[in-house]
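Protein chains in written order, with this note's numbering: chain A, 2 to 248; chain B, 2 to 248; chain C, 2 to 248; chain D, 2 to 248; chain E, 2 to 248; chain F, 2 to 248.
Because the hints were derived from the structure by calculation, they are not lab data.
Do not take every clue at face value.
Where chains are identical, the list cannot tell them apart; a pair therefore holds if satisfied intra-copy or between any two copies.
[What the hints assert, rightly or not] With a Cα cut of at most 30 Å, we get these calculated DSS-like pairs of lysine-lysine:
| id | residue 1 | residue 2 |
| --- | --- | --- |
| 1 | Lys76 | Lys167 |
| 2 | Lys168 | Lys76 |
| 3 | Lys206 | Lys167 |
| 4 | Lys120 | Lys236 |
| 5 | Lys168 | Lys83 |
| 6 | Lys83 | Lys206 |
| 7 | Lys133 | Lys206 |
| 8 | Lys21 | Lys120 |
| 9 | Lys206 | Lys82 |
| 10 | Lys72 | Lys88 |
Protein chains: 6
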Amino acid sequence: MAEDYVPTGIPGVDKILVGKGLPRGHTILVSGGPGSGKTTFAIQFLYTGATQYDEGGVYVTLDEEPGDIRKNMLKYGWDLKKLEEEKKLVFINVSPVRVAPSERAGLIQIGMKEFRLIKLLEAIKQGVEEVKAKRVIVDPLTIFTLQYPNEIERIYAMRDLMRDLKKTGSTNLLISELRGTGLEREHQFEEYLAQGVVLLRTFPKGSRLIRVFQVEKMRGLAIDNQPRPYEISAKGIEVYPSATVYK
Amino acid sequence: MAEDYVPTGIPGVDKILVGKGLPRGHTILVSGGPGSGKTTFAIQFLYTGATQYDEGGVYVTLDEEPGDIRKNMLKYGWDLKKLEEEKKLVFINVSPVRVAPSERAGLIQIGMKEFRLIKLLEAIKQGVEEVKAKRVIVDPLTIFTLQYPNEIERIYAMRDLMRDLKKTGSTNLLISELRGTGLEREHQFEEYLAQGVVLLRTFPKGSRLIRVFQVEKMRGLAIDNQPRPYEISAKGIEVYPSATVYK
Amino acid sequence: MAEDYVPTGIPGVDKILVGKGLPRGHTILVSGGPGSGKTTFAIQFLYTGATQYDEGGVYVTLDEEPGDIRKNMLKYGWDLKKLEEEKKLVFINVSPVRVAPSERAGLIQIGMKEFRLIKLLEAIKQGVEEVKAKRVIVDPLTIFTLQYPNEIERIYAMRDLMRDLKKTGSTNLLISELRGTGLEREHQFEEYLAQGVVLLRTFPKGSRLIRVFQVEKMRGLAIDNQPRPYEISAKGIEVYPSATVYK
Amino acid sequence: MAEDYVPTGIPGVDKILVGKGLPRGHTILVSGGPGSGKTTFAIQFLYTGATQYDEGGVYVTLDEEPGDIRKNMLKYGWDLKKLEEEKKLVFINVSPVRVAPSERAGLIQIGMKEFRLIKLLEAIKQGVEEVKAKRVIVDPLTIFTLQYPNEIERIYAMRDLMRDLKKTGSTNLLISELRGTGLEREHQFEEYLAQGVVLLRTFPKGSRLIRVFQVEKMRGLAIDNQPRPYEISAKGIEVYPSATVYK
Amino acid sequence: MAEDYVPTGIPGVDKILVGKGLPRGHTILVSGGPGSGKTTFAIQFLYTGATQYDEGGVYVTLDEEPGDIRKNMLKYGWDLKKLEEEKKLVFINVSPVRVAPSERAGLIQIGMKEFRLIKLLEAIKQGVEEVKAKRVIVDPLTIFTLQYPNEIERIYAMRDLMRDLKKTGSTNLLISELRGTGLEREHQFEEYLAQGVVLLRTFPKGSRLIRVFQVEKMRGLAIDNQPRPYEISAKGIEVYPSATVYK
Amino acid sequence: MAEDYVPTGIPGVDKILVGKGLPRGHTILVSGGPGSGKTTFAIQFLYTGATQYDEGGVYVTLDEEPGDIRKNMLKYGWDLKKLEEEKKLVFINVSPVRVAPSERAGLIQIGMKEFRLIKLLEAIKQGVEEVKAKRVIVDPLTIFTLQYPNEIERIYAMRDLMRDLKKTGSTNLLISELRGTGLEREHQFEEYLAQGVVLLRTFPKGSRLIRVFQVEKMRGLAIDNQPRPYEISAKGIEVYPSATVYK
């Protein structure tokens, strides 16, 4: 039987998650600005899962192409191609197409109108079975939710996505794009629906900008909700769980 | 005959409520951000009611599934399953469905269009009778009010909900989602209609974020409206009614 | 013949109103946030009128039910039932209905569409005659004005309401809901149309929130427009007309 | 032949207007918040004109009734009735009507739809001829411009109003309602179209709110555009042209 | 052959423009608040051109009437009538008409609908030929762009205007109205399309408001983009190119 | 075979890009305010590519005319005409036309409606082949994306543009217009879709405005994301990679 928690393996993060990791089976929102390392965070979660915990991973990409992700992650020494060959990782490239669809092979071709929840979920389930995945990423959630022009429809679509992801038994990260750059912002409905929320932000401090990691919410776990500095180095993301951020 | 006030039993809260508790029969808005402990607050109110004051409780959930709530609350040592078996607590899972409705059993299946006040109220009344409930939670109110696109309609719908809840004689918490993260925000119409308003927020203070509890409004009670720090520990929520928040 | 000014009898307020009170026959906007004591202020004005100045009062409620108001005001020792029996106070419960109208007795039943100015004014005139009222409250104005979706229509509706209230000879308070919580806000059109504006707000000062009373406008009276602290105690509202608020 | 400038006669104001007054024939916007003394400023301009400079005045009111204005101005010792009898002042009550129009006598009765520029201008011309007016007030401009839902239409309507007012030869004040309460605000299109702009605002300074007068713009005159404190006393408005406002 | 740069002749401005002036043939946006001296700036540019550099000027006015401009500019000692008689300056009064068009003579009468780019350009070309103009003003641009309700249409219309102005060989100032009063504002699309942007603003500094001149952008010239104080005196505008503004 | 990185050759920039330059084949957003030197930055990238690295360049202009760019860049000593004659640079003037299209020669004439992705891409491919370009600029992106009124359509159009640019093998800069002037702003969707984001902004520091360069995001490269001062001198743009900006 599975453990109750999924260690992220990302330096500093599991300590913030009271030494345990993410509650198994939960769906967590990871929200950050451009260049905040959202994709690095997600891949690091899958890579550690595959190499340290023998847990397969599914990466559903709605924007960046798998080839680009594979190439960009090499700078951290993460050989994703090898994981894919060992059946420990699978990319699912779910991408709405508008121009010259016949030119794009190896891509689930769904028109803008039909790009809907059911097709997305079928693809995820297939991927989960293929590598017996315990960890799933959807990146970015925004491309999916923007398709529903009405707010109440967007809420229902995200709830349905979360309920169906739950049936797979996997632990899931939904990657989301922060809009505001400042301290004061509007909470998004996704933050309320998700079972956990992780924020990756950037704030000025003294003469520098610093990167700030915060677990805003984690159902089922009495977490440290303080903001903590993090860095993106040649080894990926590292969070400093004992350092403070506000002056 | 019933007492005039309902002790919350949540450490520190009843002291702020002038040693009495919530005015019996009133409907109170509990508004907070993601991860602020709104659900913990609500369950703690029901759990204390059932175990210390022998008052049954109804938890109407419009978002999270009862199974998840039961599991998440175990971390506080609250065995909700046991209360349900003792007929001291009942969950009502009112959830609009969009995909594959036949797959979801044990769920009041109402389509998006028909998900309306009357069905919600019937379900609540049934639950109240079942456990002779004195305490009722609706979580979150947002899923309910968002269905009314027009503001004046939303106001009428919430007033009707409040008037009908009043007939049950129960004391009710409506859980609501704060939008802004800062000190300056727009008051929502729900804050005016409710008979009491409790805010659960997070502000930076010195080098840390602190959690801040505030009774903004409580009709029929001359309360302390000062913001007070609170914490979420392994025992649930605890408010510090004598500590100050602003510098 | 009537005096030119109507003493409010609320401690501290008449001193701010240059020792006189409100100009007789004027219509004053009382605007405050949730829990700011708007209803307490209004009832205190009527109660003092009835008990100290022998002036009857009409309370038009568009939201809270009279029974709740009667009960909530007991905490200040104000027995409204007694005043009603003595024909010194009358409640008018003008409430648009949506669900099961036949269940609600003793309530002027007008549908949402017909809930309009003329019916409201007829009810007020009747009430004024019944107790020979000199003081009238409409609480809250928002429920009334929100029915006019177009701004210019809302302005006309409020002007018509003010002109007809004027014919009764009574001095009137229109209770209004503040939206913003901060120092910077947009003036509402109601503030321009009303002959006087009283603000009940809450600001942080030092380590505490303080309640702040301000007469922003009072036609026909050279008032003190400085913000002054106020408190809500077991005796109702008390304003401190000599204390300063800004640091 | 007429002088080139029109002294306002309001203490302190003409000094700010380089000792001269308003350029004769110009149309000036007077913009202020509720209770800022806009109407007092306007009446003081007419009253001084009639009593000190023998210039007749027209007061077009789109909101407050002439009777109320007459009464409210008595507190400054200004007997408007007398000026009217001496044919030095005339009120024009241009008021759109919605309810029971037959009840309102002595009022130019135009329906909401027909309440348009031409009727307004005819009324003004008639009034100007009646008292050989050199000074005209339109109070408030907002009721007039709000009738044009489209911004470009509003701009055209105000320009037409200004061009036709110009033909009368009178010097005109258009009274306008400020929306924002803070230092940062959006300039309104009226400020660009008017030949001069006077602002009446309120700002916190030290432990008090102070009233601040500012001539933001005055075509044809090299004015002092610094904000200056003003007060409303038993003699009307007085501006302190040598005192500074910002710390 | 013409020089590459057009000296403005406005004290201090050419020094900021690296001692040269505006790049010949460019179209520059001059944006300022009410009373900031935008029209004075523009006329000073034309007047200096006509009197010191023998360059004719065209002033296209979409708002203020030529007669008013002539009169207002006399306070600086600029006799525009004389320049017009010497064929060194021509006013073009392009004004959409709504009421009683037959009353307005000497005015290009185009209805609101037909008031379009082509008529405006024809009028400008005619004026340029008439005085062999090297300098053209359009004041204000806002009246022109507001007619295009759709943003992309407004962008195209302004680009077409700029391309056609370019064919005349003249150096052009488009006068534009600033909306925000504060330091933080949204850049307008006009600022991107224009080849140069000059801002005339007002900021508080110490105990006073100061006028601040800034060349935000000037294609083809490595300008000083620092904000500099300016004054409007009896000689017109003077900028202080060596003084600093921020504390 | 091509190197993995493309040196920008712009002083200071490659040091920030860890001594390497831009990842070859990536599409980078360059976003700045009016006058921030976006076009200078782009031309400097092409000019250095052509003269120091023997890499051809394509400049797609959707706003400024090639003749103006050639002239304006002469101030930096960059003779673009010569590069064009040497087949190292080509301008593509893609410009929607509204008025008198027959007058404009040497311009790809597409109507507003047909101005779409496919025509733009054909033109780019042709240009890339013509000079065997390794570097491509699209300036400004805004004119392109504004044509899609719906946000989700704009996202798809930009993704399609990025995917097709990728096929050319070139390294691309998309020039974008910043809206807000302050520190707090909304991230734009373009920042998420682009593989890199460079910001050119202006902030007050002490008594001056300073220009601030920041690489907000650069996929595939562990860059310095700190803001750094830059200047625009007679040699073009220079960034100071070791200086700090925040106090």
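Consistency of the hints with the structure:
1. Taking identical chains as interchangeable, the C-alpha atoms of Lys76 and Lys167 lie at most 30 Å apart only when they sit on different chains, with a minimum of 20 Å there against 33 Å within one chain.
2. Taking the closest pair of Cα atoms, Lys168 and Lys76 come within 30 Å of each other only across two copies (23 Å); inside a single copy the shortest separation is 35 Å, beyond that limit.
3. In this assembly of identical chains, Lys206 and Lys167 lie within 30 Å of each other by CA distance neither inside one copy nor across copies; the values are 39 Å within and 37 Å between.
4. With identical chains, the CA atoms of Lys120 and Lys236 are never at most 30 Å apart, being 35 Å at best within one copy and 43 Å at best between copies.
5. For the identical chains of this complex, Lys168 and Lys83 are neighbours both inside a copy (28 Å) and across copies (25 Å), given an alpha-carbon limit of 30 Å.
6. Taking CA atoms no more than 30 Å apart as the test, Lys83 paired with Lys206 passes in neither setting, with 40 Å inside one copy and 47 Å between copies.
7. When the C-alpha separation of Lys133 and Lys206 is checked against a cutoff of 30 Å, the pair qualifies neither within a copy, at 44 Å, nor between copies, at 45 Å.
8. Within a single copy, Lys21 and Lys120 get their C-alpha atoms no closer than 34 Å, and across copies no closer than 41 Å, so neither meets the 30 Å cut-off.
9. In this assembly of identical chains, Lys206 and Lys82 lie within 30 Å of each other by CA distance neither inside one copy nor across copies; the values are 39 Å within and 46 Å between.
10. Taking the shortest Cα distances, Lys72 and Lys88 sit within 30 Å of each other inside one copy (19 Å), while across copies they are farther apart (32 Å).
Checked against the numbered hints above, the structure violates hints 3, 4, 6, 7, 8, 9; every other hint is satisfied.
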